[in-house]
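Peer 1: Here is how the chains run, residue by residue.
There are 4 protein chains.
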Amino acid sequence: MDSLQDLRRALRAFAEERDWRQYHSPKNLAMALCGEIGELAEPFQWLTEEESKHLSGTQRQAVAQEMADVQLYLILLADALELDLLEEARNKMRINAERYPVAESRGRSVKYTEL
Amino acid sequence: MDSLQDLRRALRAFAEERDWRQYHSPKNLAMALCGEIGELAEPFQWLTEEESKHLSGTQRQAVAQEMADVQLYLILLADALELDLLEEARNKMRINAERYPVAESRGRSVKYTEL
Amino acid sequence: MDSLQDLRRALRAFAEERDWRQYHSPKNLAMALCGEIGELAEPFQWLTEEESKHLSGTQRQAVAQEMADVQLYLILLADALELDLLEEARNKMRINAERYPVAESRGRSVKYTEL
Amino acid sequence: MDSLQDLRRALRAFAEERDWRQYHSPKNLAMALCGEIGELAEPFQWLTEEESKHLSGTQRQAVAQEMADVQLYLILLADALELDLLEEARNKMRINAERYPVAESRGRSVKYTEL
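Residue numbers (the working numbering), protein chains in the order written: chain A, 30 to 144; chain B, 30 to 144; chain C, 30 to 144; chain D, 30 to 144.
What the hints contain is simulated information worked out from the structure, not anything from laboratory work. Each hint should be verified, as a subset may be incorrect.
Pairs involving identical chains hold if they fit within one copy or between any two copies, as the list cannot separate such chains.
Stated by the list, open to error - The calculated DMTMM-like cross-link candidates involving lysine to aspartate or glutamate, where the alpha carbons are at most 25 Å apart (straight line), are:
| hint | residue 1 | residue 2 |
| --- | --- | --- |
| 1 | Lys82 | Glu127 |
| 2 | Lys121 | Asp35 |
| 3 | Lys82 | Glu116 |
| 4 | Lys121 | Glu133 |
| 5 | Lys121 | Glu79 |
| 6 | Lys121 | Asp108 |
| 7 | Lys121 | Glu111 |
| 8 | Lys82 | Glu46 |
Please build the complete structure, drawing on both the sequences and the hints.
Peer 2: Given below as structure tokens:
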């Protein structure tokens, strides 16, 4: 397995074997993403920004697992909506490049409320 | 650009050109993911599950952009923590396969609180 | 204790006794709310809407505790920002009443993307 | 209107007038809370903790409105589940007091992953 496409196929098989496709409506998958992001936020909530750059091995591993969950559900949602995640990500980068021209955006987080 | 690695490089360049790397601590990126997931949840909140399977073109495009934002921030966070997203996703799938054996998991969402 | 004000005082004392006020910046409290909402979303993610109306005693109690966490952090955040939650809620209801006139809003969730 | 109970009655009337009760299943309300918390997180995501303590008037007002939305949906969810928010909050404070004894918790955020 070496790409998002491979993961997509593996996830689909995983869900089918367990008869879990019935739960995987786009609405439910979006809600599951909310839960996973909450778990990803928790380990960071009381850390300073500086501390968050120097996680312990245990912390980093826990965060990595939560990030994996987010990635897996995102792939499942893309699969359910028949979207190509990488293509959408590339499109969004083009939109961002137009929305935030270098000259006007340099070092200003104020205007930069979303990526 | 055709992989997460390419997007990672492009995102890094994008942030550097705008002097935005200063904002991209892991804590902040995790928090930005919370914001993006909230935007992804909103279009689904009043839809039935069935409706969520049949989004209009406009809805689908809006959702695709929010998913792209989640993907992009997830790549930035992986970059900040020096994690390989695909490798972590594959590891998590192995953990899930052990945690949810087919025989015991078939059609049961109850035990299946997280993927 | 019988009001949000009483809870606010009790929460402040609770945090001070444990020397936890140092962690309670508005940013951190907002992030903690993300974590708690994620925990609140999880028990609902695979339920149908109908099932969510008929939680078991155990499910209902778990959800009640997550809702309590959200309420407590919301009070702490209001305290940190010196806001009166009830007053802000009443103000928001007035704004909503203007934004969603009865005649135009009846039975239409489409325009109703946020309360 | 001067209490959560009054807001609960007002919110119920507001939803009934607009025929919106049909959308207010516990699942949907929990999902709406995810969206609102995301909006609450966004203004804080690039701020330092220190900056988050000194919001501008505009920022503070925007945050106040998002907090109001969270409070209102939380009341609606409590109404849908027939829970008394204040009572649940008080119960949770008692649980927290047992879970985090002062002597062992002083100044330690590590154990303190949730309130």
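Peer 1: If a hint holds in the structure, say so; if it does not, say that too.
Peer 2: Verification of the supplied hints:
1. In this assembly of identical chains, Lys82 and Glu127 lie within 25 Å of each other by CA distance neither inside one copy nor across copies; the values are 30 Å within and 31 Å between.
2. Taking the shortest alpha-carbon separations for Lys121 and Asp35, both the intra-copy value of 23 Å and the inter-copy value of 14 Å come in at or below 25 Å.
3. With identical chains, the CA atoms of Lys82 and Glu116 are at most 25 Å apart between copies only, with a shortest distance of 21 Å across copies and 30 Å within one.
4. Taking the closest pair of Cα atoms, Lys121 and Glu133 come within 25 Å of each other only inside a single copy of the chain (19 Å); across copies the shortest separation is 34 Å, beyond that limit.
5. For the homomeric pair Lys121 and Glu79, neither the shortest alpha-carbon distance inside one copy (29 Å) nor that between copies (27 Å) is at most 25 Å.
6. In the homo-oligomer, the alpha carbons of Lys121 and Asp108 lie at most 25 Å apart both inside one protomer (18 Å) and across protomers (18 Å), since each shortest distance falls under that limit.
7. With identical chains, the CA atoms of Lys121 and Glu111 are at most 25 Å apart both within one copy (17 Å) and between copies (23 Å).
8. Taking the closest pair of Cα atoms, Lys82 and Glu46 come within 25 Å of each other only across two copies (21 Å); inside a single copy the shortest separation is 39 Å, beyond that limit.
Consistency with the previously given hints fails for numbers 1 and 5, ordered from lowest to highest.
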